[in-house]
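Number of protein chains: 2
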Amino acid sequence: MIIENVAPEIDGGRAAAKGSEGATFKVSADIFSDGHEVLAADILWQPSGAGAWSRAPMHFVDNDRWSGHFVPLSVGRYLYSIEAWRDTFASWRRDTQKKLTAGVDVRVEIHEGLELVEAAQGSGLDADLLGELAQRLGAASSDEHAELLLSDEVAALMAGVGPRAAVSHRTPVLELVVDRRAALFSAWYEMFPRSQAGDPGRHGTFEDVIERLPYVRDLGFDVLYFPPIHPIGHTNRKGRNNALIAGPDDPGSVYAIGSEEGGHTAVHPQLGTIESFRKLVAAARAQEIEIALDIAVQCSPDHPWIKEHPEWFDWRPDGTIKFAENPPKKYEDIVNVHFEGKAFPEVWFALRDVIAFWADNGVRIFRVDNPHTKPIPFWRWLIREINAKYPDVIFLAEAFTRPKMMQKLAKIGFQQSYTYFTWRNTKSEIVTYMLELTGDMADYYRPNFFVNTPDINPYYLQTSGRPGFIVRSTLAATLSSVWGLYSGFEICEARAIPGREEYLDSEKYEIRADNMDRPGNIKQHIRALNHIRRSNAALQDFRGFLPLLSSNDQVLVYARHTPDWDNCIIVLINLDPYNRQGSQYEIPLWKFDLPDWAMVDVEDLLNGNRFQLHGKTHTIEIDPAHGPVAIWKLLPPSWRVNA
Amino acid sequence: MIIENVAPEIDGGRAAAKGSEGATFKVSADIFSDGHEVLAADILWQPSGAGAWSRAPMHFVDNDRWSGHFVPLSVGRYLYSIEAWRDTFASWRRDTQKKLTAGVDVRVEIHEGLELVEAAQGSGLDADLLGELAQRLGAASSDEHAELLLSDEVAALMAGVGPRAAVSHRTPVLELVVDRRAALFSAWYEMFPRSQAGDPGRHGTFEDVIERLPYVRDLGFDVLYFPPIHPIGHTNRKGRNNALIAGPDDPGSVYAIGSEEGGHTAVHPQLGTIESFRKLVAAARAQEIEIALDIAVQCSPDHPWIKEHPEWFDWRPDGTIKFAENPPKKYEDIVNVHFEGKAFPEVWFALRDVIAFWADNGVRIFRVDNPHTKPIPFWRWLIREINAKYPDVIFLAEAFTRPKMMQKLAKIGFQQSYTYFTWRNTKSEIVTYMLELTGDMADYYRPNFFVNTPDINPYYLQTSGRPGFIVRSTLAATLSSVWGLYSGFEICEARAIPGREEYLDSEKYEIRADNMDRPGNIKQHIRALNHIRRSNAALQDFRGFLPLLSSNDQVLVYARHTPDWDNCIIVLINLDPYNRQGSQYEIPLWKFDLPDWAMVDVEDLLNGNRFQLHGKTHTIEIDPAHGPVAIWKLLPPSWRVNA
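Taken in sequence, the protein lines are chains B and F. Each residue of the first sequence is one higher than the one before, starting from 0 at the first, in numbering that gives the first Met the number 0. Each residue of the second sequence is one higher than the one before, starting from 0 at the first, in numbering that gives the first Met the number 0.
To be clear, the hints were calculated from the coordinates, so they are not data collected in a lab. Computed from a predicted structure; not experimentally measured. Careful: at least some of the hints might be erroneous.
One copy or any two copies: either way a pair holds, since identical chains are not told apart in the list.
[What the hints assert, rightly or not] Pairs of lysine to aspartate or glutamate residues, derived as DMTMM-like cross-links and limited to a Cα-Cα distance of at most 25 Å, are as follows: (1) LYS590 / ASP198; (2) LYS25 / GLU114; (3) LYS306 / ASP317; (4) LYS632 / GLU143; (5) LYS403 / ASP29; (6) LYS403 / ASP10; (7) LYS615 / ASP595; (8) LYS403 / ASP61; (9) LYS341 / GLU310; (10) LYS25 / ASP10; (11) LYS426 / ASP293; (12) LYS329 / GLU506; (13) LYS403 / GLU111; (14) LYS328 / GLU114; (15) LYS97 / GLU324; (16) LYS403 / ASP442; (17) LYS403 / GLU82; (18) LYS403 / ASP94.
With these hints in hand, go ahead and build the complete structure from the sequences.
Below you can see the structure in the form of C-alpha cells.
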C-alpha cells in the first residue's frame, strides 16, 4: 500500500497544521497499490497523548486521491495518520459480479466467497452477525449462496470484519493544533489607553478605557488591543513626531519599555494599577470584548533588568550599552536583550514569566512586536510553554518582513499573522495575494488584515478620502475572517508625515484626543461590516475565496463561501475612489449547478433590499460618491441539484 | 538558522534524487535567520559511506533562496545536506562600512573588528595568514586599522576562518543516485530476434541478429532491445492475432514464458544458446550497441517453477491453477507468481537471480514488463540489490497506468520510465506534458519516449501516412533525451486491427519478415535525428524545454537548450500531416539578452543550410508533403552580454 502526498503535511510533517475547535478538519492523500484490488482507508486521529486512535473513513475522490475528515471538539494538540488496506471480500465481490454479468461460470468463485466468510468468523468481530450469516448460508441452496454472498447486506458486514490484505504501515504521525474560534474569527480595534481621557492635556486611565468599551462594542469589535501599557523610560526619551529630544511634558514612546517604576510586568502609573487593569479586563469581558496586549521585547535604558541582569545585554568595548540599531540608524531609547550566551536560559524564562503574568491577569491574546528579529527556537518554545498551561492563549506575529520568515513564524506556532494586505491595492495584487493565502499556506497561516496601524498610514488612504476608507475596510472585513483597525480609521484620519507612510503627530509619541463623531466618519459602515460578518458563515473563515470575472480592472468582484457553498456572499468594489466605474461581471451560477440562464434571489446586505438576477453575466456601475462597495448574499433556488 | 524547502527533496527525503555521472547537480534551499546578519551556506556532499563531507559554496539568489552545485564523477549513491551560519565578521564589516559612509564615529567598531580578528586566531585555521595580519595590524596606526580591517583581502581571509555564529544543525541528509550516462541519453531500437531471418517461414537466431547490427548502428541507435527470448509454453498457446487456439506451426506469444526447455534463465532453443547470446552481446558491444532484455515476471503453465515451487502460485478450491485475469478477461496462457505468503522470500531471491544471471551474461539494461502489478517494496529491494553488485544496471519501467503509480516506480528506483507520449498529439497536450515532465518530476523521473511498441500502434500513425512518422519521431527524438522505436516504424508500418490501437498480424504471436527498404521509408530522417542528437548537448538531457509562441495551433515551435543556453535548438513542426500550415512564431532572443530587433545566424540541421533571422517574430509555412519539420541550431552573435 502506498500512501503519499498527505495534505495537510507541512514541511514533511515538521510543522503542525492549524485547526479550529468544532470545525471540520479535512485530510487527503494519494492512496494506491499494485494490482487491481479494492482499497479502503481510514484517518486515525487522537488528542495528543490520549493513546487510543479514533477512526474516520476516507473516500476515493479522483486520480488515486482519497479524502476524509474529523471534527476536533476542543482546543489542544492532536495527532493524525492514515491507514489503508486491500479489502479482500470487496475485491472478490466486484470480480465475481463482473464474471456473472459476462456469463462466466462462477461456482468456484462462490466457493472462494464462502471461504472468505468463514475466515472472517475467526476475527472475533461482529461474531453474532457472522454467526447468523453462517446459519443462513448453511440453510441456503447453492443457487441462493451467490445471491446472498453478493448482497449489499453481506458487503456492508464484511467491509467491517472481512479479511484485510496488505494493511499499510500507517503514515508518519502528523500534528494538528486546534485553537479556539477567536484565532480564526474576530474583529480587532486598536487604541492607546493614554489617549482615552478625551483631552490631549490629560493622561488617560484604565477607567477612561472602561468608559470607551460601549463605543468599541457598538462598532462590532470583539478584541480590543493596546500598544504597550508599561512604564516608559526617560533616558533619550523620544519627543513628538519621533524627535530625538523630548520636551518636558512629552510622554515618550510607549515602546521604550521600563523605568525605575518597573518593566514588562508593571503598568504605567498614570494609566492605573494592576488592579485597575484587572477591572478593565473584567468590564470588557462583560461586554464580550477581549483585551489583547502588545509584547515588545526591547527595554528602555532605564528598565530594571539592565541593572539586575547586565549579562542579558550587549556591552561595547568602551563600557557603554549597545543600543538597538539598523545601521546606520540607531534607536537611542531602546536596547535589545540577548537570547544566547550568558542570557540563556534566564531571558527565556523571564519572558515566559512576563506572558504568564498577564495571562494570570486575564489576558489571552498577545500581539508580538517584531518577532522576526528574535530567535525562532525561542518562539517555538515560548508558545508551547504558554499553551501547555493556557491552551486558549493566542499569539499574533507582527512581522512585516520577507515572506518566508513570516511563513516560518506561523509554522512554528504563531496562531495569527499580520500580512502584506496594506500594500495590496490593485485588483491583480489583491486576487494574487488572496489565492496565495487561501492555498497551501492556509494550512498553517491565519491572516489578520489590519487596514492601518500606528506604524502604517497607507498611501492609498492618504489621498483616497472617505470612499477609500470604505473600500479598504470592506476588503479587510470580507476577505479575511480576522480583521482590524487602529483608532482614527473610522473617522478617516490620514494626515501623514509628507512623503512617508507614517501618521503626522503619531500617537506613539503623544496623547491625542480626536473627535470620533467627526462628520464624514464611516462608523455606520464599520458597524454594518461587523454585523454582516457575524451573520454569515462564509465570512467566518478566510478560506472559500473565488475571484469572479469582471471586465474593468478598477472593479473587483469576488465570492466568499462556505466549503459546500450553502452560504455565499458576493462583494463588488470600485477600487477607484474618485470615478464612477462600470463593469461586466459574472455570478457563479455553476457552483450551484445552475444553468447560465438561471435566476437567483439576492439580498443586498448593506441596505436590506432584495432583488433578482437573471443569468450569469451582468453589468454594474459603481459611483464612489454614493458608496463604492456592494455586499450581496446569493439565495439560489432550493431546486439546485447539488453543491 | 532556518534551512527549508530544499530542492531536490522528494517526498520529504523519502526518495532519492537522480543524477548523471559527470553532470552538475544543483541544490537550492530557502535560508534565513532572525535579525539582519550576513549569512553563508555550503552544500555538504559525499559518496554514500565515504564518511567525510566535501563542501560546495551556496550563493544567494533572491527572496531568501540560495543555490549551489557539485559534480558527482562516478556512478553510485551519494548523500547531501546543507549547512548555514551567520558570518560575524562580514556582518561587522557591512555595518561598519554603512556607518563610515554615514559619517558616524566608528572608533568603537574598529576595536570590535580587532577583537574578531583576535578571536579567529584561536581557531587554528590559516594560522600563518592570520599571524601575518596580526603583525600588520600591530604595526599600523589606528587610522590604518580601519582601512586594513575593511579591505577585501581581510574579508576573504576572515570568510574562511572568522567567527561563525548560529551554525545550523545540518538539514536532514538527502540521497542522490548517480547513474551512467545511458540512463539519461540513449536511442533505443526494439526488434524480435525470431523475425530476423528475413523469411517468415524460418525462426531467426542470434546469428541472424548479429547480421542486423550494422543496420541498427547505421540508423544511429545505441540500445537494442528484445522482447522475451525464453522458451515458450505450449499449454493454451496463443495463435496469430492473439487467437485463443494456436495453429500447429504457430510459435506462440513470447510473453508466455517457460516450457520443459527452461524458464527465465533459458533461451528459446530455436534462437540459440546462452553461448550464442553472449556472442551477440559481444558483437553488439563492438559496434557500440548495448543489448536490453525484457523482464516479464509471469509464467506459462509449462514453466519449470510451477512443478518445482507450487507454493509460489495461486491454486483455486477445485485444485486448478489460477490464470492471470482482469475480470471478466482471463489470460489462459500465463499465470502470475505470488510475492507474499509462502512464496516469500524465495520468489524475491529467484527473480533477483534471474537478473543477476543476465547481468553475468553481459546485459546491463532491463525493460520491466508491467511493474505496477507487482509489489512496490519488491522493486525497491530488487533494484538496490542488483545495483549494489552491478551499479551500471539500468531498469526501465514499462508501466502504462495511472500517473501516481508511474511516478512512484521512478521514485523507488527505476532509472527510466515509459510515458504517455504516444497519447499526446496536439500542441497543448504536448506542451502541457513536457512542462510536467521537466518540472519537479524531472528530479526523479527520466522519460523514455517510444514512438510505438509491439502493444501500441498509435491512432495518429494509423492515418497520418509518412509525414506523421516524421512528425512523431522528430518529437520523440528532440523532446526526450531517451527515445526509441519498435522495428517497422522506420518503414511507416501501421496496419491495425480495425478500430484498435494494435498492430495487425502482431509480431508478438508470429514471425514476420518485412522489407526494411520499402519505398517511402524514413530511415534517412531517423539517421539524421540520431546524428543531430549526438552533436548537440541540448538534446542530451530532457530538461531545458521552452515552448515558443506560435499563432497556429497546428504548428508547434519549441526551444531545447542547455542550462546556460550555450547550445540552443529550435524545432518547428506542422502537426497536421495533410495540409500546409502557416504560423507566426518567436525566436527566444531575450534568453541571449538580445534586443527584439537583433539578428542571429541559424543552421538548418536537416539540410545543412545556413541563414539569418532578423528580429524576434517571423512567419513560416510548412508543407507536410515536403517535410513537416525543421530543426535549427541558433548561433547567436558572440557579443551577447550574458546568458
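Results for each hint:
1. LYS590 / ASP198: For LYS590 and ASP198, neither the intra-copy (54 Å) nor the inter-copy (64 Å) Cα distance is at most 25 Å.
2. LYS25 / GLU114: neither (37 Å within a copy, 56 Å between copies)
3. LYS306 / ASP317: For LYS306 and ASP317, only the intra-copy Cα distance (18 Å) is at most 25 Å; the inter-copy one is 92 Å.
4. LYS632 / GLU143: neither (56 Å within a copy, 73 Å between copies)
5. LYS403 / ASP29: Classified as between; 8 Å across copies, 27 Å inside a copy.
6. LYS403 / ASP10: both (13 Å within a copy, 20 Å between copies)
7. LYS615 / ASP595: This pair counts as within: shortest intra-copy Cα distance 5 Å, inter-copy 42 Å.
8. LYS403 / ASP61: The answer is between: 11 Å across copies meets 25 Å, while 32 Å in one copy does not.
9. LYS341 / GLU310: within (6 Å within a copy, 69 Å between copies)
10. LYS25 / ASP10: both (18 Å within a copy, 20 Å between copies)
11. LYS426 / ASP293: The answer is neither: 33 Å in one copy and 57 Å across copies each exceed 25 Å.
12. LYS329 / GLU506: Answer is within: at 21 Å inside a copy they meet the 25 Å cutoff, but 83 Å across does not.
13. LYS403 / GLU111: Neither way: LYS403 and GLU111 sit 57 Å apart in one copy and 32 Å across, limit 25 Å.
14. LYS328 / GLU114: Answer is between: at 23 Å across copies they meet the 25 Å cutoff, but 82 Å inside does not.
15. LYS97 / GLU324: Classified as between: cross-chain Cα gap 12 Å, same-chain 76 Å, threshold 25 Å.
16. LYS403 / ASP442: Close inside one copy (15 Å) and across copies (23 Å); limit 25 Å.
17. LYS403 / GLU82: between (33 Å within a copy, 18 Å between copies)
18. LYS403 / ASP94: Intra 51 Å, inter 24 Å, cutoff 25 Å: inter-copy only.
Checked against the numbered hints given earlier, the structure breaks hints 1, 2, 4, 11 and 13 and satisfies all the rest.
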